[in-house]
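*Asks:* These are the residues of each chain, in order.
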Amino acid sequence: MGKRTIIPFGPQHPVLPEPVHLDLVIEDEKVVEAIPSIGFIHRGLEKLVEKKEYTELVYVIERICGICSFGHGWGYCHTVEGLMGIEIPERAEYLRTIWHELSRVHSHLLWLGLLADGFGFESLFMHCWRLRERVLDLFEKTTGGRVIFSVCKVGGVRKDIDKETLDEMVSVLRGMEKELKELTETFINDYSVKNRLVGVGYLSKEDAIELCAVGPMARASGIRQDIRLTGNGVYDKLEFEPCVETAGDCYARTLVRMREVYQSIDMIAKAVELIPDGEISVPVKGNVPKGEFMARLEQPRGEAFYYSKGADSKFLERIRVRTPTNMNIPAMVKTLQGCDLADVPMLILTIDPCISCTER
Amino acid sequence: MSYVTKSPWIIHYDGSSCNGCDIEVLACLTPMYDVERFGIINTGNPKHADIFLVTGSVNEQNITVVKLIYEQMPEPKVVVAIGICATSGGIFKECYNIMGGIDTVIPVDVYVPGCAARPEAIIDGVVKGLGVLAEKRAAMDQKPAVAAEVKEKEEA
Amino acid sequence: MSEQWKIQNFISIEPTQLVDTLQDYKAEGYRLAQVHCTKVSEGFELTYSLDKDHVLTNFRIILPEEEEIMSITGIYWAAFIYENEMQDLFGVKFKHMALNYGGHFYKVSQPTPWNPKD
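Going down the list, the protein sequences come from chains A, B and C.
The numbers in the numbering used here rise by one with no breaks, and the one at position 65 of the first sequence is 65.
The numbers in the numbering used here rise by one with no breaks, and the one at position 113 of the second sequence is 113.
The numbers in the numbering used here rise by one with no breaks, and the one at position 7 of the third sequence is 7.
Certain hints may be false.
[Stated by the list, open to error] In silico SDA-like links for lysine to any residue, alpha-carbon gap of 20 Å or less:
| hint | chain 1 | residue 1 | chain 2 | residue 2 |
| --- | --- | --- | --- | --- |
| 1 | A | 181 | A | 141 |
| 2 | A | 290 | C | 60 |
| 3 | C | 95 | C | 52 |
| 4 | A | 47 | B | 60 |
| 5 | A | 290 | A | 53 |
| 6 | B | 47 | B | 124 |
| 7 | C | 107 | B | 64 |
| 8 | A | 334 | C | 19 |
| 9 | C | 107 | B | 104 |
| 10 | A | 290 | A | 258 |
| 11 | C | 39 | A | 272 |
| 12 | C | 52 | C | 99 |
| 13 | A | 194 | A | 121 |
| 14 | A | 334 | A | 33 |
| 15 | A | 51 | B | 47 |
| 16 | A | 52 | A | 317 |
| 17 | A | 52 | C | 114 |
| 18 | A | 159 | A | 35 |
| 19 | A | 205 | C | 29 |
| 20 | A | 181 | A | 193 |
| 21 | A | 47 | C | 29 |
| 22 | A | 47 | C | 99 |
| 23 | A | 47 | C | 18 |
| 24 | A | 290 | C | 58 |
| 25 | A | 52 | C | 113 |
| 26 | A | 181 | A | 124 |
| 27 | B | 47 | B | 7 |
| 28 | A | 163 | A | 181 |
| 29 | A | 52 | B | 76 |
| 30 | C | 107 | A | 9 |
| 31 | A | 314 | B | 64 |
| 32 | A | 141 | A | 159 |
| 33 | C | 107 | A | 46 |
| 34 | C | 39 | A | 153 |
| 35 | B | 93 | C | 95 |
| 36 | A | 141 | A | 124 |
Hint data in this document are derived by calculation from the structure and do not stem from the laboratory.
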């Protein structure tokens with residue numbers, strides 16, 4: 001029985017670009033307890049619902065998070081379209097799905113890079129981010145922005161992508177896939193990478209259910225849970241099976257995300273094949289009627305939840321966004337108990353925390 | 001770039017930004033933009049840093065953190081506010097928990113606009129910051145001499 | 001399989017029924033998806049969303065402002081984030097929270113910004 005010490009982690013920490021603070025209670029080299037404290041990024045943007053009209057609010061919601069910004073815009077538009085009873089054109093649904101999957105590729109590559117940086121493999125970090133730049137170039141070409149796009153609006157999308165650009169998108173992604181295979185080799189087989197990841201931060205299936213984990217965190221523990229299966233967007237036409245691993249450790253979480261990158265590329269290719277011609281948006285006029293609507297999306301980090309309450313005016317009464325990290329923090333706190341101090345950064349990284357999402 | 005006399009080390013803190021600017025700051029370090037070729041290194045320790053990059057605005061909880069990091073940096077130091085949130089509060093200015101730009105808490109030398117700020121703009125901002133850094137260093141070098149002169153006069 | 005996301009069901013229950021109801025649903029394999037609060041004229045409108053096989057079930061509670069409500073952290077420990085958030089931003093009072101930050105979860109410039117006192 002060693003002496004207990006408390007080590008503060010964050011808010012400014014080299015491993016994480018974002019501020020999160022943890023008090024780690026240490027006994028010898030083992031973490032006994034971890035107490036998270038958040039609130040460093042709390043802006044209170046849900047309250048802006050009183051000051052911005054429902055069409056303007058898309059821009060605010062997109063800025064909840066710069067990594068999955070497209071998805072946030074989409075989720076919010078979903079709820080408002082549901083409230084107003086708008087059916088958006090099929091081409092718009094396809095375009096939204098393509099951009100959303102592209103966001104997933106970019107987000108997972110970003111995360112793989114950060115993970116590599118976390119365990120000190122800097123060249124792997126650089127390679128992941130080098131590949132990610134190509135996805136950002138595709139975004140810039142199709143939407144005009146690198147991280148915040150503002151391309152989703154209530155009633156459809158703002159920009160169309162022509163046939164040549166869509167084909168080019170697929171060929172760029174296929175080219176990227178080849179280079180990514182080399183990186184995958186390193187992530188999966190490298191001795192030092194495995195040393196840092198295999199068996200670290202084990203979360204059993206029972207615990208994952210008990211702690212309500214979502215997204216890759218749940219899928220790495222053997223739960224087949226993916227909101228894309230509910231058929232939002234055009235996911236029901238793309239025929240996919242969620243990537244599920246059963247090991248439940250940091251390595252399994254890496255594998256899930258790695259496989260999802262390939263899966264997303266395949267889904268984009270399929271969507272490009274199937275995309276129909278037609279309009280990309282429908283005109284939206286008038287007030288949002290009274291009522292409430294809930295929508296969910298599978299973000300790169302897991303299930304995100306959107307809720308809007310209309311009040312028969314141009315202003316909504318309440319919006320609510322529940323982001324995946326919110327649901328994964330309890331699982332992170334539980335897995336931190338009993339781990340080595342040196343593994344703490346790995347554990348925190350493998351839930352893919354997005355603090356600005358969590359606090360809004 | 002002829003006036004670069006030293007390779008600055010930067011420290012980055014995410015105020016209450018949306019991550020957009022943060023990942024662009026990180027993107028500056030990676031092969032596409034690669035600021036490391038100028039010797040710019042991202043450090044985690046404020047005591048090693050010359051340039052403080054802040055993204056996002058200040059809120060109630062992170063005021064102390066921003067101040068602490070600033071105070072721990074050795075002189076001369078330069079603060080670069082990245083993105084419109086760090087400059088003025090941006091789209092979140094009306095939120096109840098936002099105090100405004102970084103300059104409400106610490107002095108800012110260079111403002112980089114944009115939502116999110118592009119890596120090119122961030123690099124430009126850091127290079128502008130280098131100029132400010134050189135000026136501050138020159139001022140510091142002069143100060144002891146001036147102070148000594150004043151002292152001599154007083155004694156005489 | 002598709003169109004599941006369009007399902008919107010809200011079930012109104014009394015504050016006293018909450019714990020028993022959630023306990024029954026948890027035993028059936030439901031997981032907590034989210035909890036949120038809206039300020040309405042009668043007090044607070046709390047929504048507890050549970051998910052099973054990708055279908056949401058929402059429980060709606062109207063809680064007068066002065067009344068306390070039983071915490072659900074005993075059933076779903078993960079709810080501590082939502083309960084602390086509601087306590088800080090709205091001033092909802094919870095009984096027997098497993099992890100209570102006592103109003104220091106979010107440090108905000110004014111107390112309960114969603115439910116201003118003056």
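*Asks:* So, against the hints stated earlier in the document, which numbers end up violated here?
*Replies:* 1, 3, 6, 8, 10, 11, 12, 15, 18, 21, 22, 23, 28, 29, 31, 34, 35 and 36
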